[in-house]
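Add chains B, C and D to chain A, keeping to what the hints say.
Residue numbers (the numbering used here), protein chains in the order written: chain A, 1 to 237; chain B, 1 to 237; chain C, 1 to 270; chain D, 1 to 270.
Don't read these hints as lab results, they were simulated from the structure. Wrong hints could be hidden among the right ones.
Not the full set, but computed from the structure, chain D residues with beta-carbon under 8 Å of chain A [stated by the list, open to error]:
#, residue
1, A71
2, A72
3, T74
4, D126
5, P146
6, L149
7, P233
For glycine and all other residues, C-beta sits at the position ideal for the given N, C-alpha and C.
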Amino acid sequence: MSASAPFLIATLAHQLAGSRRVAVGALSPMPGSAAFLARAQGLGPRQITVLGSRSNNDFTEGGRELFDRAAQGRIDAFFLGGAQIDGGANINLVAVGDYAHPRARFPGSFGSSYLYFLIPRVILFREEHTPRTLVEKVDFISAPGTSPANVYRPGGPAALVTGRCVFAFDRAKGRFRLESVHPWSSIEEVRDETGFAFEVPAEVPTTPEPDAATLALIAGPVREQIAETYPAFAAAL
Amino acid sequence: MSASAPFLIATLAHQLAGSRRVAVGALSPMPGSAAFLARAQGLGPRQITVLGSRSNNDFTEGGRELFDRAAQGRIDAFFLGGAQIDGGANINLVAVGDYAHPRARFPGSFGSSYLYFLIPRVILFREEHTPRTLVEKVDFISAPGTSPANVYRPGGPAALVTGRCVFAFDRAKGRFRLESVHPWSSIEEVRDETGFAFEVPAEVPTTPEPDAATLALIAGPVREQIAETYPAFAAAL
Amino acid sequence: MEPLAIDEAVARIAPGMMVALPPEYCGVAMAATRELLHQGTGGLHLLAVPQSGLQADMLIGAGRVATVEAAAITLGEQGPAPRFTAAVKSGTIRMVDATCPAIHAALQASEKGLPFLPLRGILGSDVLAHRGDWRVIDNPFGNDDPIVLLPAIRPDVALFHCEMADSNGNLWIGRRRELATMAHASSMTIATVETLYEGDLFADETLAAGVLPAAYVDAIVHVPRGAWPLAMPGHYERDSAAIAGYVAAAASAGGFAAWLAEHLARDEAA
Amino acid sequence: MEPLAIDEAVARIAPGMMVALPPEYCGVAMAATRELLHQGTGGLHLLAVPQSGLQADMLIGAGRVATVEAAAITLGEQGPAPRFTAAVKSGTIRMVDATCPAIHAALQASEKGLPFLPLRGILGSDVLAHRGDWRVIDNPFGNDDPIVLLPAIRPDVALFHCEMADSNGNLWIGRRRELATMAHASSMTIATVETLYEGDLFADETLAAGVLPAAYVDAIVHVPRGAWPLAMPGHYERDSAAIAGYVAAAASAGGFAAWLAEHLARDEAA
Numbered sequence: 001m002s003a004s005a006p007f008l009i010a011t012l013a014h015q016l017a018g019s020r021r022v023a024v025g026a027l028s029p030m031p032g033s034a035a036f037l038a039r040a041q042g043l044g045p046r047q048i049t050v051l052g053s054r055s056n057n058d059f060t061e062g063g064r065e066l067f068d069r070a071a072q073g074r075i076d077a078f079f080l081g082g083a084q085i086d087g088g089a090n091i092n093l094v095a096v097g098d099y100a101h102p103r104a105r106f107p108g109s110f111g112s113s114y115l116y117f118l119i120p121r122v123i124l125f126r127e128e129h130t131p132r133t134l135v136e137k138v139d140f141i142s143a144p145g146t147s148p149a150n151v152y153r154p155g156g157p158a159a160l161v162t163g164r165c166v167f168a169f170d171r172a173k174g175r176f177r178l179e180s181v182h183p184w185s186s187i188e189e190v191r192d193e194t195g196f197a198f199e200v201p202a203e204v205p206t207t208p209e210p211d212a213a214t215l216a217l218i219a220g221p222v223r224e225q226i227a228e229t230y231p232a233f234a235a236a237l
Numbered sequence: 001m002s003a004s005a006p007f008l009i010a011t012l013a014h015q016l017a018g019s020r021r022v023a024v025g026a027l028s029p030m031p032g033s034a035a036f037l038a039r040a041q042g043l044g045p046r047q048i049t050v051l052g053s054r055s056n057n058d059f060t061e062g063g064r065e066l067f068d069r070a071a072q073g074r075i076d077a078f079f080l081g082g083a084q085i086d087g088g089a090n091i092n093l094v095a096v097g098d099y100a101h102p103r104a105r106f107p108g109s110f111g112s113s114y115l116y117f118l119i120p121r122v123i124l125f126r127e128e129h130t131p132r133t134l135v136e137k138v139d140f141i142s143a144p145g146t147s148p149a150n151v152y153r154p155g156g157p158a159a160l161v162t163g164r165c166v167f168a169f170d171r172a173k174g175r176f177r178l179e180s181v182h183p184w185s186s187i188e189e190v191r192d193e194t195g196f197a198f199e200v201p202a203e204v205p206t207t208p209e210p211d212a213a214t215l216a217l218i219a220g221p222v223r224e225q226i227a228e229t230y231p232a233f234a235a236a237l
Numbered sequence: 001m002e003p004l005a006i007d008e009a010v011a012r013i014a015p016g017m018m019v020a021l022p023p024e025y026c027g028v029a030m031a032a033t034r035e036l037l038h039q040g041t042g043g044l045h046l047l048a049v050p051q052s053g054l055q056a057d058m059l060i061g062a063g064r065v066a067t068v069e070a071a072a073i074t075l076g077e078q079g080p081a082p083r084f085t086a087a088v089k090s091g092t093i094r095m096v097d098a099t100c101p102a103i104h105a106a107l108q109a110s111e112k113g114l115p116f117l118p119l120r121g122i123l124g125s126d127v128l129a130h131r132g133d134w135r136v137i138d139n140p141f142g143n144d145d146p147i148v149l150l151p152a153i154r155p156d157v158a159l160f161h162c163e164m165a166d167s168n169g170n171l172w173i174g175r176r177r178e179l180a181t182m183a184h185a186s187s188m189t190i191a192t193v194e195t196l197y198e199g200d201l202f203a204d205e206t207l208a209a210g211v212l213p214a215a216y217v218d219a220i221v222h223v224p225r226g227a228w229p230l231a232m233p234g235h236y237e238r239d240s241a242a243i244a245g246y247v248a249a250a251a252s253a254g255g256f257a258a259w260l261a262e263h264l265a266r267d268e269a270a
Numbered sequence: 001m002e003p004l005a006i007d008e009a010v011a012r013i014a015p016g017m018m019v020a021l022p023p024e025y026c027g028v029a030m031a032a033t034r035e036l037l038h039q040g041t042g043g044l045h046l047l048a049v050p051q052s053g054l055q056a057d058m059l060i061g062a063g064r065v066a067t068v069e070a071a072a073i074t075l076g077e078q079g080p081a082p083r084f085t086a087a088v089k090s091g092t093i094r095m096v097d098a099t100c101p102a103i104h105a106a107l108q109a110s111e112k113g114l115p116f117l118p119l120r121g122i123l124g125s126d127v128l129a130h131r132g133d134w135r136v137i138d139n140p141f142g143n144d145d146p147i148v149l150l151p152a153i154r155p156d157v158a159l160f161h162c163e164m165a166d167s168n169g170n171l172w173i174g175r176r177r178e179l180a181t182m183a184h185a186s187s188m189t190i191a192t193v194e195t196l197y198e199g200d201l202f203a204d205e206t207l208a209a210g211v212l213p214a215a216y217v218d219a220i221v222h223v224p225r226g227a228w229p230l231a232m233p234g235h236y237e238r239d240s241a242a243i244a245g246y247v248a249a250a251a252s253a254g255g256f257a258a259w260l261a262e263h264l265a266r267d268e269a270a
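Isolated chain A, as found in the complex:
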């Protein structure tokens, strides 16, 4: 069994607890839904800005405002993905193989090379959890997971949510720690399917399933709100 969209949305929403101002970037239907869900649950975000949306977007300075606002410390949480993510939380949104002659090419780094440094709580999300996506070392660093102490970096990765588990990221150690395993998976499976080493604490809980109220929110207001920007995704939800 694999993760259902509502399960992942609920799991991502949980990561927003306490984050008051959340922004959602391009190509992010699940994170966008999670932000709307977290707000509907009263979990955290009062202010949600969805790139490319009109009704959930209070930017009036054009495309640069997301980046300026992040730099001003006015955005608390953000989501990033990766064609590859490695054990140091480096993310690759560009190419697999040799950069000049890639085996696979992806859209590009978007704002990741910047926002990963500036937004306090960046939640990584990649549904496909295989040794192909979660690698020991990414082929191209769109944005590094950690930086030397002298680099200005108020932000960085907080967690990685996949189709099998949730990892927390320890910035001091520069590595992931298994935080919970989804009900249909196991620590062993996660180990087998992950290309990088990570910490496993003595107790690893099961990621909680969304309750009926949560599912109703997703099927109702969340689905409606995300439809403006991701109509195909909302239709399939």
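Same frame as chain A, but now just chains B, C and D:
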């Protein structure tokens, strides 16, 4: 006899011949009037932007737009004044005497320290033509008249209009040349009343008086247009 | 966001704070300034964006200002700012001379979370000579090409008066974008507004184009005629007579003191 | 300023020019892009501000693009941009990878007539490693604080579709301020507009707040549905079916060639 406002406006307007895009800064009722006159005469400016005006102001980026537009090469001519102006076309809009304990203090440099470098044709204007205002060396350089060759400087001074004469500025030589003397003055008087040395060509014409059509334009549309920003000046014109 | 009472909003300005102020043609919060005079908040660092006039002059005259950074302080057609001029000559304030685009750029640096922004011009001026906080470097992309770097300015408060606020705390500033830059760059924004707008300014894309979002706004006060005696374009003109009265009084320290005492007494009675 | 015919306006884009393009949610001049395909203008340098999609993909597929600088090229919910992906893999275009704020900042540098602008972040990324034109310096105001400097980008043309133009050549762009930055930073601006506005956009301060002044605009073409098959918010939605048709065709070089031939033939007939 001293210069009348219409005479000076007409003389300043003459300096705008061929300048398509003219901006007028703060505290500049005469230059503003000159810009409107030059446009009414078909002399040059098609586009006039008056700082602080609403109807003659096409800025939509706030106060920085004047400076950005100048840097983009989209403004051809501008006016600057000076509590003191010296023979090297250095201007002082700040203080006379010691900077820390000035004998006289003026509003400040405004945008001069920047615009003087960037706008191709800067016309200096100071009605009072005495050794007190036209000095050998200014006490404070708000903006220098010339710069070393390695300094980025597409702009600079073109002329200086006073209540007694018009000087042209020779950027290569870094000094003024007497261009014309107003009807009520003379080369000798200009020499006596100027604190700096300047070049005097063999022939120095008399600054032409505005004709009846010009005076009518000043008393009519020009006066009306400048009244929005400088009501007291317009009322006295 | 509920509008506050003016005393409550202005009380957020603490002694010693750096307060960013807009130019006279652009929505000066004069009613809030009179309240600030009442509250006696002192040691202020005024940042004119990029120039100021009556507002700065009153605060300086009342002895509430430690530092002024500005490209100019002037009353425009009403002439020099009398208490500013006197204070600079007697050395009772620290004057930090700047030039307009340098103030805009230093605020944009703060808006972008940058330590500095470069700026052309300025080289060879005494403005630069007196700025120990500005640097000149050789443009790394050029060849023997000096350029000035300006450190970011992050004001504690942006204080201004603008057209309207909606019930969500969004402000309509129109094309006075310097107000947005001030708010983006500052730790706190206090705005007085001419009118209140029923509804959501973002509901209409035409209005939305002129909005400063609530995300940047900390306190709103509804003050009709809040810029008086300065102008609020579209609402009222500059009250030249009132300003001339001020100028006459403020020509001397004693005259200003009498004007201030009378002003404070009249406001107490009101 | 008289509106031009679309072929006349697009003819101003010469081979080899750098053309700045807005993101898909922000007024892409698709009708002008089809005209550009017709005219056969090649060797283009596309600058996505900061990302592009269908527009870039069509031009790349037709072999008209030498260089792409972008933070991303994507068709959004319709998936990867097929001809872009193929071109990068086969090395037929020069791909210059950037990150969104770097493109915004480099245009702002040009807007401000600056040789560069600094930007936080980026350090330690391979985006930086592959950019020979970016520099890292030690922040002169800090202490062992590396920071990236980005050289200004000055496009030859800004090309976009927006809401309306008035008869003076002013454009109404609303809160799509990136279009203003593109125009400020570019040598020439070509805009297609959805509607024409009778009168002066500056006559109404509410409208004025969303204006890009004529001073920055070189050519205007009136093209209703000029962004189709992309969206023009307030007018029409994204035509997902049409885009899906393109994606299916463009999956292979041959499929794209057939699509292009059919497209050019249909337009000739029209």
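Against the structure, the hints:
1. A71: 5 Å, holds
2. A72: With Cβ-Cβ at 4 Å, under 8 Å, it holds.
3. T74: Status holds, d = 4 Å.
4. D126: Holds, because the Cβ-Cβ distance from D:D126 to chain A comes to roughly 4 Å (cut-off 8 Å).
5. P146: 7 Å, holds
6. L149: D:L149 check fails; min Cβ-Cβ to chain A is 14 Å, beyond 8 Å.
7. P233: 5 Å, holds
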